[in-house]
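Q: Listed below, chain by chain, are the residues.
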Amino acid sequence: MTPKRLLLLLLSVGVAAFIVGIWQLASNLHWVSPIFLPPPDRAWAALLFDIERGDLASRVLLTLEHMFYGWLLASLGGILIGSAVGISSTARAYLAPTLEFFRPLPASALFPVLIAFFGLTENMVLVVIGFGALWPTLLATINGFATVKPRLHEVARLMRLSRRQFILSIALPNAMPEILAGMRLSLTIALILSVTGEILSGSPGLGYWIMLQARAFRAPDLFAGVLLFGLIGYASVQIVSLLESWLLRWRA
Amino acid sequence: MSEAAAPAEPALIAFRGIEVAFGGKPILTGIDLDMHKGEFLCVVGPSGCGKTTLLRLAAGLLPPSAGRVLYEGHDIVGPQRDVAVVFQDYSDALLPWRTASGNVSLVYETLGTPRDERADRIASVLARVGLAEHADKYPSQLSGGMQQRLQIARCLAQEPKVWLMDEPFGALDAITRQSLQDEILRIVADTGTTVFFVTHDLEEAIYLGHRVIAMKPHPGRIAATYPVDLPHPRDQRTTPEQPEFMHLRRVLLEFIRGTQT
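Those sequence lines, one after another, are chains A and B. Quick note, in the numbering used here, the first sequence goes up one by one and the last residue is 252. Quick note, in the numbering used here, the second sequence goes up one by one and the last residue is 513.
Bound-form chain A, shown alone:
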């Protein structure tokens, strides 16, 4: 690690520590009532206590499951639909307006609709996550197909690549940087919708759990849960970023 990067790392940790310090101060000096804003040390203690008590791990696992399968569904759907749309400019022209209609639709607006179809089930939550997290990956795939350089189209023609070979050997790898960036955005959306889905459906994940803590005025536990969500979001994006830099190692 270069000295400059080390310095940046230290500074970024410093900023985070500073914010936690202000938070601690704000509670200790009663700027905000600790009923609403517990100090970080109490939130931390609550987190350790809840973990020790045992039921938090299974809740986190369930939320991770929602997030992961929803994200997987969105990624596969985005890449498959995106490839089908992206391979033909005619299909792109036909489908673009419809996709543009669905894209800005708030995924959370779908909960009431899908609850009517699926009931308060795990599948309902997964479908909403899949729908909401679909767009970044889908649009990235379509765009990645559209940006294949004309020269590579010619190379593909000269080598007489079949349509399938063109998709697998040229179009998808060409779209890969954009697809992975899209999948990183999808991941965050999947986490957001997991929480919303759990709160609405009563599925016993971490999202439902923090709502219970809020209703019981257990602020330290509520903040412990929020902290956990932050950690999950941060860690999952880091993992995907690692995957990204490995898959895109061919870039200069």
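You can trust all of the hints, since none of them are fake.
Derived CB-CB ranges, DEER-like: (1) A:Leu95 <-> B:Asp442: 50 to 56 Å; (2) B:Ala423 <-> A:Gln165: 24 to 30 Å; (3) B:Glu435 <-> A:Arg103: 50 to 56 Å; (4) A:Phe118 <-> B:Ser395: 55 to 61 Å; (5) B:Ser376 <-> A:Leu6: 46 to 52 Å; (6) A:Arg157 <-> B:Ala441: 26 to 32 Å; (7) A:Leu95 <-> B:Gly364: 29 to 35 Å; (8) A:Arg103 <-> B:Asp372: 48 to 54 Å.
Just so you know, these hints were derived from the structure itself, not from any lab. Positions of the beta carbon are idealized from the N, C-alpha and C atoms, including for glycine.
Given chain A, put chain B in place with the hints provided.
A: Same frame as chain A, but now just chain B:
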């Protein structure tokens, strides 16, 4: 000297009464040209004279507006595996996400070569262009000259009968260009392939070719044909010092100057 120029042998590629127009604007007109097996044909001319368009016709990437392009007596209707194209912009023509051997492998994948044969054939093709040591590198890790060698290796894998080369060394420095010119001559001598070589470098055209075609623009047409009466193998030090070389260079230079006034 090229025995391929003997009139008895039928043309490998023949252009017959070619007209090409884009949006009503004539690009090529009245092209009649025969390429014979084993011939190294160089095409020179100012920009806009349609050299690249002529190459694209032979590649089957573009149909003529009128006239016929024949390969072994049959109309060319699209790209064919016998004919390989080397582009000038090597970095755009390679797959940046594949290593050197991955780029060559693409050819064998499309040909349906059995998996267990591929590795050996890729290694031998890369060795022939001096890239054996660089098989696992990505194009972004290779110099311009090495990337162009890789594109040539990919074409070698096709085992083509005809090479169509569109200013392949135009973006390279002089030293790299010379060594690649000699490599192409060696490959052509080894494999007996026919070459259609577009260039704007007159000396390169004389050095490489059996015959140099000079084209004029607006609309593009063939203005003159010069046989190159220089012995083989050619040599970067001695060939350019021969009277025939210097004479041809002067004639071509005057021709190019003439098209610009």
